[in-house]
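Letter by letter, the chains look like this.
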Amino acid sequence: MIADPRAPLVDAPPRFAALAELARLLAETPWALSVAHRVGWQAAGLTDEDILQAVILASYFGHLNRIADAVAVPLDYDVRLVPPHADPTTAPLAPAPAVVIGVPVLALASRTATHDALAAWAAHVFAAPHAPAIRARVARLLGMPAEDVALDPEIGAFVDQLTLAPWQLGDASYTALRARGLDDAALFSLAMIASTAGMLSRIEVALTALGTTPSR
Amino acid sequence: MPLAITAYPESTGVLRGIYDKMRERPLPPAYRPAHGGAPGIVTAHSLDPLAIPKVFGTSTSLNGSGPLAWPERELVNAITSRLNQCFY
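Residue numbers (my numbering), protein chains in the order written: chain A, 1 to 216; chain B, 1001 to 1088.
No lab work stands behind these hints, which were simulated from the structure alone. Some hints here could point you the wrong way.
Have a look at the derived ranges for each label pair, beta carbon to beta carbon [what the hints assert, rightly or not]:
| no. | chain 1 | residue 1 | chain 2 | residue 2 | range |
| --- | --- | --- | --- | --- | --- |
| 1 | A | Ser110 | B | Pro1029 | 27 to 35 Å |
| 2 | B | Met1001 | A | Pro92 | 19 to 27 Å |
| 3 | B | Leu1050 | A | Pro132 | 14 to 22 Å |
Remember, predicted model here, so these are calculated numbers, not experimental data. Using N, Cα and C, we set each Cβ at its ideal position, and we do this for glycine too.
Sequences are here, hints too, so could you generate the full structure?
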């Protein structure tokens, strides 16, 4: 799985295979989910409550991944198997080709503690400057309806990279913004807004797309 | 130059207090770093100390209970990290 995360899980229980597919689609194309995925995962033994937790968990880990890459956090422990290095030449994820129309078919609020924790988190992060414009930009990248709010082009480029190609984050990601006087706290605030917005949009677009029927 | 990370030994004030509270959380031994300080993913948020309890409070609500079993949650986390090419 580490060598090829898209390979089928051989001899794995159906629930594991379904969760592996769910995690992959959440990371790469959450806007392309449909009712057929929900039906398939249910047939594999996942309940709607399982699916909801997995959707939120995958989106939450997408945040942790992006922040870890944004600050280049070192490993906590020695490893026996040296992990592969991120390949910065990997193409960025595709932005959503269209807005996903509909309403979430699973309710985030049914996990009360998670819902409340996410709301408190969002209230803290989105109080910062640029938050409305960054949230709108990220929402559109992930297929959620949002107004086209003007955003500084260099901030926009950073937001796009963090959202669609976090493996390319590095010192060069900050050069232009640092040259304009942004300090580390301001840069980290931009990363937190974009990553938090991505997590929340990923959850919302997935829970909405799971109720859609592809037209083609 | 990467963004600043403040590790536990260098932390002071509000950040130190938050790190200490994070260390008091019930956590399976497998998740406790051998270096004894705050986990790297927590220190990764050190430029915004007040975000730490909010981000990891969410983790507690997601990773601390089901209905998914622990191995199932780890499967989702591992595949997500691999596809995002995050090897932390």
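Outcome of the hint check:
no.: 1; hint: Ser110/A - Pro1029/B: 27 to 35 Å; in the structure: holds, 31 Å
no.: 2; hint: Met1001/B - Pro92/A: 19 to 27 Å; in the structure: holds, 24 Å
no.: 3; hint: Leu1050/B - Pro132/A: 14 to 22 Å; in the structure: holds, 20 Å
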